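Chemist: Chain by chain, the residues run as shown.
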Amino acid sequence: MSADAAPAGAAGARILSIESLCVTLESARILDQVSINVSSGEILGLVGASGSGKSMTALSIMQLLPAAARTSGAVRLRGQMLSGMKEPELRAIRGRHIGMVFQEPMTALNPLMRIGDQVAETVRLHLPASAGQAAEAAREALDRVGLTGAAGALDRYPYELSGGQRQRVAIAMATVLWPSLLIADEPTTALDAGAQVQILRLLQEFAHGRGQAVILVSHDLAVISQVTDRIAVMEGGKIVEQLATRDLMRRTHHPYTEALLAAARLAPKRAAQGGTDSTPVLEVRDLVREYPARRRSLWRRAPPLRAVDRVSLTVHAGETVALVGESGSGKSSLLRTILALDRPQSGEIRLLGERFSMASRESLSRLRRSIQVVLQDPYGSFDPLWPVERLVAEPYHALDAPPGAAERRINVATVLEQVGLSTGDARRYPHEFSGGQRQRIAIARALILKPAVIAFDEAVSALDVLVRAQILELLAELAQRLRLAYLFVSHDLNVVESISDRVYVMRRGRIVEEGPTQAVFGSPQHAYTKKLLAATPRIGRPL
Amino acid sequence: MSRGRAPRIAFAVGAAITSIIIAVALLATIWTPFDPAAISIVDKLQPPGKHHWFGTDQLGRDTLSLIMAGARNTVGVAFVSVIIGLGIGVPLGLVAAARRGVTDEIVMRGNDLIFAFPSLLLAILITAVLGPGAVNAIIAIGVFNIPVFARVVRASALTLWTRDYTLAAQVAGKSRARISAEHILPNLAGVLVIQGTIQFSLGVIAEAGLSYVGLGAQPPTPSWGRMLNEAQSLTALDPLLALFPGFAVVLLVLGLNMLGDGLRRRKGADR
Numbered sequence: 001m002s003a004d005a006a007p008a009g010a011a012g013a014r015i016l017s018i019e020s021l022c023v024t025l026e027s028a029r030i031l032d033q034v035s036i037n038v039s040s041g042e043i044l045g046l047v048g049a050s051g052s053g054k055s056m057t058a059l060s061i062m063q064l065l066p067a068a069a070r071t072s073g074a075v076r077l078r079g080q081m082l083s084g085m086k087e088p089e090l091r092a093i094r095g096r097h098i099g100m101v102f103q104e105p106m107t108a109l110n111p112l113m114r115i116g117d118q119v120a121e122t123v124r125l126h127l128p129a130s131a132g133q134a135a136e137a138a139r140e141a142l143d144r145v146g147l148t149g150a151a152g153a154l155d156r157y158p159y160e161l162s163g164g165q166r167q168r169v170a171i172a173m174a175t176v177l178w179p180s181l182l183i184a185d186e187p188t189t190a191l192d193a194g195a196q197v198q199i200l201r202l203l204q205e206f207a208h209g210r211g212q213a214v215i216l217v218s219h220d221l222a223v224i225s226q227v228t229d230r231i232a233v234m235e236g237g238k239i240v241e242q243l244a245t246r247d248l249m250r251r252t253h254h255p256y257t258e259a260l261l262a263a264a265r266l267a268p269k270r271a272a273q274g275g276t277d278s279t280p281v282l283e284v285r286d287l288v289r290e291y292p293a294r295r296r297s298l299w300r301r302a303p304p305l306r307a308v309d310r311v312s313l314t315v316h317a318g319e320t321v322a323l324v325g326e327s328g329s330g331k332s333s334l335l336r337t338i339l340a341l342d343r344p345q346s347g348e349i350r351l352l353g354e355r356f357s358m359a360s361r362e363s364l365s366r367l368r369r370s371i372q373v374v375l376q377d378p379y380g381s382f383d384p385l386w387p388v389e390r391l392v393a394e395p396y397h398a399l400d401a402p403p404g405a406a407e408r409r410i411n412v413a414t415v416l417e418q419v420g421l422s423t424g425d426a427r428r429y430p431h432e433f434s435g436g437q438r439q440r441i442a443i444a445r446a447l448i449l450k451p452a453v454i455a456f457d458e459a460v461s462a463l464d465v466l467v468r469a470q471i472l473e474l475l476a477e478l479a480q481r482l483r484l485a486y487l488f489v490s491h492d493l494n495v496v497e498s499i500s501d502r503v504y505v506m507r508r509g510r511i512v513e514e515g516p517t518q519a520v521f522g523s524p525q526h527a528y529t530k531k532l533l534a535a536t537p538r539i540g541r542p543l
Numbered sequence: 001m002s003r004g005r006a007p008r009i010a011f012a013v014g015a016a017i018t019s020i021i022i023a024v025a026l027l028a029t030i031w032t033p034f035d036p037a038a039i040s041i042v043d044k045l046q047p048p049g050k051h052h053w054f055g056t057d058q059l060g061r062d063t064l065s066l067i068m069a070g071a072r073n074t075v076g077v078a079f080v081s082v083i084i085g086l087g088i089g090v091p092l093g094l095v096a097a098a099r100r101g102v103t104d105e106i107v108m109r110g111n112d113l114i115f116a117f118p119s120l121l122l123a124i125l126i127t128a129v130l131g132p133g134a135v136n137a138i139i140a141i142g143v144f145n146i147p148v149f150a151r152v153v154r155a156s157a158l159t160l161w162t163r164d165y166t167l168a169a170q171v172a173g174k175s176r177a178r179i180s181a182e183h184i185l186p187n188l189a190g191v192l193v194i195q196g197t198i199q200f201s202l203g204v205i206a207e208a209g210l211s212y213v214g215l216g217a218q219p220p221t222p223s224w225g226r227m228l229n230e231a232q233s234l235t236a237l238d239p240l241l242a243l244f245p246g247f248a249v250v251l252l253v254l255g256l257n258m259l260g261d262g263l264r265r266r267k268g269a270d271r
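Same order as they appear, the protein sequences are chains A and B. Residue 132 in the numbering used here is what sits at position 132 of the first sequence, and the numbering runs on without skipping anything. Residue 17 in the numbering used here is what sits at position 17 of the second sequence, and the numbering runs on without skipping anything.
If you're looking for bench data, these hints aren't it; they were derived computationally from the structure. Everything numeric in this text was worked out from a predicted model, so none of it was measured. Ideal Cβ placement from N, Cα and C applies to all residues, glycine included. Do not take every clue at face value.
[Unchecked claim] Simulated restraints, written as ranges between beta carbons of each label pair:
1) A:Leu482 x B:Phe115: 41 to 47 angstroms
2) A:Arg310 x B:Glu105: 43 to 49 angstroms
3) A:Gly347 x B:Arg99: 46 to 52 angstroms
4) A:Glu121 x B:Gly214: 28 to 34 angstroms
[To be verified] Residues from chain A that keep clear of chain B, each with C-beta distances beyond 10 angstroms, as calculated:
5) Leu90
6) Glu140
7) Leu339
8) Leu375
9) Gln376
10) Pro395
11) Glu513
[Said to hold, decoys possible] So the derived list for chain B, only partly shown, Cβ under 7 angstroms to chain A, looks like this:
12) Lys174
13) His183
14) Pro186
Next comes chain B alone, as it looks inside the complex (with noise of 0.2 angstroms):
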């Protein structure tokens, strides 16, 4: 059934590093060690210790709950923007695909018109538009994940199709809508928590892109981005400051991609 132990174990240390930041993100809407907002010019620039576990930034604030607060933003931004994705795409997808012709033909190319520009591009475009902050972060993002799921759905769907299953079913009588909601969708479940995995590490990403250049959330809602930005014009004088939120998006999508790629690799093996 597996080639080895490895993809396995890959699967697990993924699974743990996405659950528990996941899980650090939860923590932080209810607590965080101190308040990541509390600016203290005192405490500026203090090294990791006892007090301060990753230490402070230029203006005293703490940058573990930084980080922590950090994370529940860039969760939840990465997160719905994937929620958006999937109630759009897929019923655009599963439309396609049952329909055919002239319909597919509309759907796809309208696809393709988003796909043609570059996903931070049209991120900017839609931030710049509509003004920076979170929820615009989210639709930009969001944007770009319809046509990934649309066409993800169709080409499965379109598999799916010539299946006897789905003849037997308008055999009964049903309809293709219906044969779409009961047949397809369901039969698509295992490619879609693998495809949604895959694009919350590339919102991951975005978002963090978006706000590193100011288009994401903004001050005073703590964001790994913008902790990078901030951290640049200090590197000479504490590097640290930069590498926490740098290794936390490394973290981050390295966690997500060895659970999407355990997870294909097991869907893999089903068959």
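Chain A on its own, in the form it takes in the complex (with noise of 0.2 angstroms):
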């Protein structure tokens, strides 16, 4: 890379130097040829579908990869050679000199340990410090992140925070030792939008204002692009493009790197053709769903906890509507009752015109006819046992007469035939699949029945941005041509306004804002609406 890349007066020293990096891992080739650098004050970002190598390549920084990979190449840090250092020397390095941030912000941290101390731990770890003096520098470390130590966050247990929350703490572990180079593998994947942008925030804030140098990895290059200096742009273990962000939307760039932003620019969804039908499938009125909360007193009850709100939402005929909101805002518990898992408290539900209740079995089953479901995770809606066809035929179960044989084998074959796949695939297991894949045959268990509505929790969170951009595609196709209703669930704006027609934002159980996604999006009304879309990461637009 050229000197220019940098932005002018970030470019420091230089931190660290991959050159010619190689790694076969059982007979095959996960990285070839990868050589990178990063500067002090630097902030790289390391692009690439999932399976490309960008966690591999962060993980033979830190020279943690598995006993049997063979690797060649050279590994630099300051120009102190890393490639070929024994264990104890590096384990001086991993901690003091590098720190490493992950993904899953609750498996990094002991559980058992209060915040303080873990943080305080990596400081005894490396350096003579007394007791004291690593809890002064753990504090000072929270208080950087944002978890102010005055606060008590230094006494609480990882339980007790939330989900970004932890991520900073992770991040203060990670930096409490000034490392020369710090290394983010996905840190906000697991994150919501607002979550999102503090730790991207935090990580501008260690490269440019305290000259740091990080390379942050991710497969989104919307993130990407907002907080990074250079792009490193990778796939199937080859770096196939490096350039400048600001270059990004400049100039044509390798095809895999447009494909990437391709993916990442959702365009958003069209106007209906011919507008939609006005028949209501799906009308929920003034829905209550209370948790009951845990006990204070001996004498009185504690008041239960109002997940839901009087929420109404109305979903027409081939309409797709999206519900979008933060994390606890109680999405999730909307969901479930109307799924029919959880009971509501008052208010009622129609399913074509039809009030149904949770009371009679008959209506129940009728109910679960007429609306299915995909879930979040690729890897857990499927039992691991169960060959395809037999879990793309589940849902048959709610009917009363179900098909033959036969029939139900015709059935599967021809959703999965709707949804891409291919009529062999009956006959696989669900871990011979990708995650696009299994998102795909989880779409196929919920056309099987020809509902009306189909539900989508965060049906596409859990898929990197090529994969999502085929399934949203697919999505958009079905509903077309099967004429169904969608009730899209999602915290990303960006998936909500490539899909959706019209949009619900909820807060706090409530319903804060409704109407036409392109209105509400353009010009949102509610202050917690334009927080979410501020916070919504864009290709382009800076923090």
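Hints given; two lone chains; assemble the complex.
Modeler: Below is the structure:
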């Protein structure tokens, strides 16, 4: 890379240099001639689809590859050769000179240790510091990430913190010793937009404010484009292109970079042709769902937690309606109630104009025929022991007279083809499929009963951008072809904008704003909607 | 997938030991070199030799035949008590996990009650009330297996209930009982095989212990524990007499533990 790629004034001393790094694992080339440099005060974005070698590159910097991996090439930190270094010396460098933050903040923290102690432990592991000095350093580190020590954060346990706060603790741990290099591997993927912005700001602060070198690994070019100075694009273990972030929108690039760019820049949905039908298929009126709260007094019952507070919404035939909000806003509780998994305290749900009651079995099973669901986790959504045919046919249980084996096979084959899989896939097992293919199977399972409405619970959040774009395309096509109505629950406003006709914004159990997607996104009225929109990463829009 | 060959060798050795002993126990139901109950005072306390491979005891009974017939008894008691534990403990664990709440509390506190007694004490209690004998030994050991399986099943089932596929099954209108049978139980098979192997080896030790104190199989049914007991008074005279049944217990327990360990590592490697 030429020097002009870095923003003026930020180009500092070279911290990390990787030269022709190759990694082979079980005769498969995982990394192929990877060469990267990172200087102090610079954020390098490492972007690519899952399996492209991003995380492997990050791990090989730390020399943390599986023992069976064969490597060649050189990794240098401030000129010091890390490749081939002995384990005890490496341990002195990890945590001290290189800090690392992972995707899942919960698994990176010890659930039984107060967070102050966890951060202090890193200090005492590397420096001959007294307990008091270490605690002081931990307090400062937590201050820097915005978890003020004075507010008692030091004494709290990981479970008491939100996902975003935990990730900030992880960053505090990684940066408490001022490492010259900070590696963040998908640090915001598990977080919602609001928390994401705060984490990205922190990374920026560490690089541009304090002159550390930062590597940000992500599959989302929108996130990468917001904070990085340079971008390295990876595909199949190779770096296919390195460019300055400000050039991203300016000129044409390697076809793979263009594909990522297109996938990250989802086009807003065009207005439905011919106008939407006005027949409501799903109507929710003043729905209330409460959970019993823990008793605090022996004599008084604690007031229940109201997760869904008098929510009303309507989905018309052939229409895609989105429900957005941050985690904890009550979206999932509302969805569970609509799917008749939970009983509402009051309010009513009408399906195809018919009021359904939780009391009658017959009415429940009729409801289940008309509304199906696609869930978030493509890995947890399927019983690993069942073949695809049996999985896809499972909703037939809701029918009074399920079709016979032969008819079932034909129907499964039909829906598999509708979602772009092949008939032969019916005999295979879930583990043989990728995340995107599994989400297609989940859609096939939702289609088999020919429902009027399909609910999607964060159905594309776990997919990487290229696959996400394909699934969204499939959904749009199916909606039009089969005249399906969708209830699309998501925290990702980019996705919502690209797929939905109308949107409901939910906050603390209430609908705070609703309307046609373009109108709401174009001129949001409620402060909360404005805040959500501002927090959503967009290509070419800095933080 | 695996860290070195040692675990795989241990697994193979454990499987071999276990299957040989089980084969011997099965064989003993139809054939032993001598009648294990045939007393012949003339041949008493013979050292191992051509005729009597493992020698004879103080009553002239063939030790090899006694060991083989004892294997039949020990393996039988341990096996049936595992089946009792599985048959009652697994449904209890499944119900506790599926229904949660009050049912869960009742089931788990009931288990705690059984757990609160040391296993051997409980077995002595049961055999003391019901009288000594192989069947009562089975009941005593089996009862102790119930809470073990119930706990293991409940814990694993609770994790499985958080998977989205149980939610998808609920959306299809399936009842919790049906989901337990169709989705939860099959996914627990690996855990059950491993726990079953461990309980099997504990059952072997418990059976030997019970018959050693005279609460297990009654004479003339041969058993390793009673052979040890009888050999005790003759240790000075013929130490080999205690060695063979002792070694048989050790070998079977070792084999089962190696097998269980190997199975667990394999399962770990799957993930």
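Chemist: Output the indices of the hints that this structure fails to meet, ascending.
Modeler: 1, 2, 3, 4, 7, 8, 9, 10
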